[in-house]
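Turn these sequences into a full structure, and let the hints guide you.
Chains as they are written, first to last, in my numbering: chain A, 1 to 128; chain B, 1 to 486; chain C, 1 to 255.
Possibly wrong hints are sitting among the right ones.
No farther apart than 16 Å at their CA atoms in a straight line, the calculated lysine to aspartate or glutamate pairs in the EDC-like style are these [claimed, not checked]: (1) A:Lys27 / A:Glu120; (2) C:Lys2 / A:Asp119; (3) B:Lys304 / B:Asp364; (4) A:Lys124 / A:Glu112; (5) B:Lys366 / B:Glu433; (6) C:Lys2 / A:Glu118; (7) A:Lys27 / A:Glu117; (8) A:Lys55 / C:Asp28; (9) B:Lys360 / B:Asp301.
I should point out that these hints are in silico values taken from the structure, not numbers from a laboratory.
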Amino acid sequence: MSVIEHNFIYLFFVVLLMIGLYGAIAKVNLVKKLFGLTIFQTAIILFYVSIGQKKGAAIPILEVGHGHQALPDVVAAHYINPLPHVLMLTAIVVGVATVGVALAVIQRLYAEYGTVEEDEILEKIVRS
Amino acid sequence: MTEQLIILIIVWPLLAGVLTALLPCRENLLSAWGIFNLLACNAMGLGLVRLVLAQGSTSYHISGWAPPLGIELKVTVFSALLSWLISAVALFGFVGGRRTWADQIGERLPQFLSLFFLLVAAFEGLCLSNDAFNLYVMLEISSLATYGLIAFGGGRAYLATFHYIVMGTIGASFYLIGVGYLYIKTGTLNITALAHMIAETELTQAYLLALCFLITGILLKMAVFPLHFWLPNAYTYAPAATSLLVGPLSTKLAVFLLFRIMMDIFGGVLPSLHPTWSFVIVGLASVGILVGTSLALAQYDLKKTFACLIVAEAGYMLGGLWLTDPRGTVGALFHLVNDAIATLVLFLVVIAIQSSVGGKKLSDLKGLFQKSPLTAVALILVAFNLIGVPPTAGFFSKATLMTGAIASGRFEFVIALLLASLGNLVIFFRIIEQAYFQPQDNSEAGRSKDGQRAGAFALAIGSLLVMLGLSAYPVMETFIRPVVHL
Amino acid sequence: MKKFAILVTVLVGAILVWGATDFPQWGDPNSPASTHVSDRYITEAYSASHVPNLVSAILADYRNFDTMFETTVVFTAGTAIFLILRLPLGPLARRRNSKHPQAERHPLPRDPILEMACRILFPPTHLFGLYVLTHGHYSPGGGFQAGVILGASFILLAIGFDLRAILARFPEGLFKPLAALGVLLYVGLGVLCLLLGGNFLDYEALRVLAPGISSAMIRSHGILIVECGVTLTVGSVIFGIYANLVSRGNHEGGL
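This is the structure we're talking about:
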């Protein structure tokens, strides 16, 4: 299949995504759910970054000194696509922010119920 | 100068939000500051509506770079109306929620209001942006601010927020996967450019999958069955001041995002998708309406009842958007405007009830009509709107949705709408029966001044529903019909 | 629940692989993603702004609206965590705090080797953070990376010493306004461009402030100012999030 031949990198991203999604849905421990969510987001970041790859190209930083001289012609095929990297900087920051807020909520949950297992918390809620 | 309004309506609440975090915790100062900023946003929203009615759709190039190099903001008649609606709901929600600040928020008021204004800025950005990735960033800011605002409720709000975080992040990530698939096939993120490219090529698997993931991500944010589990708890246990802003707007803006993806990106190919996709999605929406209404029927806490009704309303809009007849889309968008105001009135009524009789369970409502007749009238008014009694706007939105459904041949949707009206009738009759017919059993006879004032405010906003209903057809013709290109 | 999760996961994975079957070949320089817009970024960005690091050029010039909201995301997260964890001291808090375990005030053993190591590491880390900010035009770096390194330098001190000692020097009353200042700097620059007649965040409009400067150089300076704003916010918020998370909101003790 063409996917396995040329685009096997996308299979890695799909497997990682599946692991993260399974963790986020199936795990009962809230911290493990959060880990699953983080793996899920990381898989998407890897997907985007792999879009920008070009065979034999260099990183998107032009080699020029500090003299602000005009560059000779820049050939686009010699540098990888910088746009997915820019987008993923944003996505990484958003991911970190979400993890921070989720950890704060988990801390409050632990202070309130004494456990971070979802089934025990639900039991305590039903009992009270 | 007037075209700068497009960016100002996003930047002003953003600046207000950041500055609010630095202010001291003085209730009067923060109240005046908030009203000033929200009045400015309302003025800008009205100016934007006037601008678009005069000039037609306008676009704005941020940082001076034209798309597809830079990010573009685009305003159409409906998005101008929606951006004004956002600022109006924010203003009324702010004013209506002030009585709960001392009780529920206390010392953290500056930071709470900071998140409030940042949420308004994110909603405005969601409404006006024309870049697919920028929409993701706006979606995430609105989500993060909402997590903070809801978790502040304490107690059961923590678990509800955690579930919301998991489902909201999965939803936003699905949206991002969809954008990624579109990017890898087209190479651009600008919505207008994407529409051109999709209209010109044939729809291969990657495009269909992108649409599928975009829709699923937004369905998670919209809380449509079967992805609705986070919403009732999150909106019930949130502080009252939060649900006044988040309840009316959060799911409705997700609906608007769905509309933009369908019409603005995939608009050219929508007719070819329609038979199968319409069948599946309208069926799902019909089931969702019934599930939402049944959930609402089973609740004894007023706030939770209304939160479950939001799930049902999301079903109306999802089904309406995916009907093959354009009247379905027109009805869905009109219902968006109607439902935003109705949800605001619902939550204002809950606050008024709490001020009048002190509780918000069904059993606490005895004697509400004696204690605060204005609250009871507001309740009846919004009940008429949800059931669909003329001349409230609810009648016109349901009528348009049903006409569209009959024309498309989707009779299950018509039946679901009728059953939902019946369900709403039962729910509100139960509430009104407790409020009016049961005599109050404590010796505190007479009016509650606090409750009357809150009820008067709720009634004033509720009258907007009647005004919207009386001007339903002009509104639909001027603001909604032009953006529906079916 | 586990069976349902496996079913959903396998379904999602299968659909994703099916959708990927008509992707262009990986690494192909003529694929749509690498030709339509990104070509123009690579060929035009240097002449437009004299910034060789193309990622910084796009981040802070072409797509600076996104970056502004990214900075806002960081600020929002810091505020939300503050709201959730730092309980107020009024009657509402006493009701909530009743289930909160008492902060154990055991004195931390002081380790002179650890403290000396942190003391030696802190200035170079801090300096490296500032270097990454200012040299972000020419090498990998930029505002976010610099902000994280600066925040990490404070966290290093907080781990090596006591959180309270660092909070005495870098108190909440300082890092909260600094975070707001960073976002205000960014948005303020955009509003300044508006007031000077251009579009929002259009650095061209700033040329009236420095007559004789070329269009590319004003963009380069605009990018630097914007990155400074980002660094201020990210650095303060990263340390603020750490301080709140590790002390469970009461800033009393930590790791």
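Evaluated hints:
| no. | hint | verdict |
| --- | --- | --- |
| 1 | A:Lys27 / A:Glu120 | holds (13 Å) |
| 2 | C:Lys2 / A:Asp119 | holds (14 Å) |
| 3 | B:Lys304 / B:Asp364 | holds (15 Å) |
| 4 | A:Lys124 / A:Glu112 | holds (10 Å) |
| 5 | B:Lys366 / B:Glu433 | holds (9 Å) |
| 6 | C:Lys2 / A:Glu118 | holds (14 Å) |
| 7 | A:Lys27 / A:Glu117 | holds (9 Å) |
| 8 | A:Lys55 / C:Asp28 | holds (6 Å) |
| 9 | B:Lys360 / B:Asp301 | holds (6 Å) |
The structure agrees with every numbered hint stated previously.
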